[in-house]
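Enquirer: What follows is each chain in one-letter form.
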Amino acid sequence: QKEVEQDPGPLSVPEGAIVSLNCTYSNSAFQYFMWYRQYSRKGPELLMYTYSSGNKEDGRFTAQVDKSSKYISLFIRDSQPSDSATYLCAMSAGGNTGKLIFGQGTTLQVKP
Amino acid sequence: SQTIHQWPATLVQPVGSPLSLECTVEGTSNPNLYWYRQAAGRGLQLLFYSVGIGQISSEVPQNLSASRPQDRQFILSSKKLLLSDSGFYLCAWSVKGPRRTETQYFGPGTRLLVL
Numbered sequence: 001q002k003e004v005e006q007d008p009g010p011l012s013v014p015e016g017a018i019v020s021l022n023c024t025y026s027n028s029a030f031q032y033f034m035w036y037r038q039y040s041r042k043g044p045e046l047l048m049y050t051y052s053s054g055n056k057e058d059g060r061f062t063a064q065v066d067k068s069s070k071y072i073s074l075f076i077r078d079s080q081p082s083d084s085a086t087y088l089c090a091m092s093a094g095g096n097t098g099k100l101i102f103g104q105g106t107t108l109q110v111k112p
Numbered sequence: 113s114q115t116i117h118q119w120p121a122t123l124v125q126p127v128g129s130p131l132s133l134e135c136t137v138e139g140t141s142n143p144n145l146y147w148y149r150q151a152a153g154r155g156l157q158l159l160f161y162s163v164g165i166g167q168i169s170s171e172v173p174q175n176l177s178a179s180r181p182q183d184r185q186f187i188l189s190s191k192k193l194l195l196s197d198s199g200f201y202l203c204a205w206s207v208k209g210p211r212r213t214e215t216q217y218f219g220p221g222t223r224l225l226v227l
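Going line by line, the protein sequences match chains A and B.
Per this note's numbering, the very first residue in the first sequence carries number 1; after that it's consecutive.
Per this note's numbering, the very first residue in the second sequence carries number 113; after that it's consecutive.
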């Protein structure tokens with residue numbers, strides 16, 4: 001069993017839809033949770049960072065963490081064609097090395 | 113502000129040839145540095161990480177090696193490339209110490225095709 005599981009998709013939605021991207025994990029030591037967005041042929045860029053359980057909102061994006069269920073989500077409201085990308089979840093137990101464990105990534109296409 | 117550079121952006125190399133990819137970080141000191149490989153349609157595979165000059169940790173056995181000759185320079189090398197070395201290579205950095213946020217910041221990547 002992988003430490004982090006993420007549905008690879010692809011996920012295709014119409015413009016304006018609400019998108020839900022999800023990851024599950026098995027290591028209860030994970031405390032720090034991130035979402036990265038990666039456009040085709042580009043490096044991943046940090047989208048959201050959360051430390052505790054609960055919700056964190058940034059514009060059209062909401063990150064949700066449920067440590068009891070070992071489940072994290074990223075919601076995108078009013079999705080736009082420019083949101084078409086691969087979304088990677090990442091998490092860490094902390095420590096001096098700063099190593100992250102990544103999900104496989106979910107490819108999202110938002111159709112105009 | 114901090115920036116991270118990788119070069120070259122694209123590289124086509126024959127099997128058996130050597131490889132050298134370079135990554136430099138500006139605007140920060142004493143970062144943790146990482147090399148990842150991303151195969152087409154797949155997730156990120158951590159290859160090496162470094163917590164300081166000359167300190168390299170390997171995550172998977174492979175045909176590659178890494179070096180950190182300076183604080184903000186990270187080099188990925190191979191003496192003889194294999195077909196399976198093809199992929200998208202990403203360098204990343206993170207803050208170390210009490211100000212760390214456990215996040216990593218990625219460079220633009222190098223696309224390597226071994227023929």
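Bear in mind the hints are in silico, worked out from the structure with no lab data behind them.
Please note: incorrect hints may appear among the correct ones.
Here are some, though not all, of the chain A residues that point toward chain B, as calculated from beta-carbon distances under 8 Å [unchecked claim]: (1) Pro44; (2) Gly54; (3) Gly94; (4) Val110; (5) Lys111.
Here are the simulated DMTMM-like pairs of lysine to aspartate or glutamate, each with C-alpha atoms no more than 20 Å apart in a straight line [as the list claims (entries may be wrong)]: (6) Lys42(A) - Glu171(B); (7) Lys99(A) - Glu171(B); (8) Lys56(A) - Asp83(A); (9) Lys67(A) - Asp83(A); (10) Lys99(A) - Asp183(B); (11) Lys42(A) - Asp83(A); (12) Lys2(A) - Glu171(B); (13) Lys70(A) - Glu5(A); (14) Lys42(A) - Asp183(B).
Please read all numbers here as calculations on a predicted model, not as lab measurements.
Using N, Cα and C, we set each Cβ at its ideal position, and we do this for glycine too.
Enquirer: Indicate, hint by hint, whether the structure satisfies it.
Expert: A quick look at each hint next to the structure:
no.: 1; hint: Pro44; result: holds, 5 Å
no.: 2; hint: Gly54; result: violated, 17 Å
no.: 3; hint: Gly94; result: holds, 6 Å
no.: 4; hint: Val110; result: violated, 19 Å
no.: 5; hint: Lys111; result: violated, 20 Å
no.: 6; hint: Lys42(A) - Glu171(B); result: violated, 23 Å
no.: 7; hint: Lys99(A) - Glu171(B); result: holds, 11 Å
no.: 8; hint: Lys56(A) - Asp83(A); result: holds, 19 Å
no.: 9; hint: Lys67(A) - Asp83(A); result: violated, 27 Å
no.: 10; hint: Lys99(A) - Asp183(B); result: holds, 18 Å
no.: 11; hint: Lys42(A) - Asp83(A); result: holds, 14 Å
no.: 12; hint: Lys2(A) - Glu171(B); result: holds, 16 Å
no.: 13; hint: Lys70(A) - Glu5(A); result: holds, 11 Å
no.: 14; hint: Lys42(A) - Asp183(B); result: violated, 25 Å
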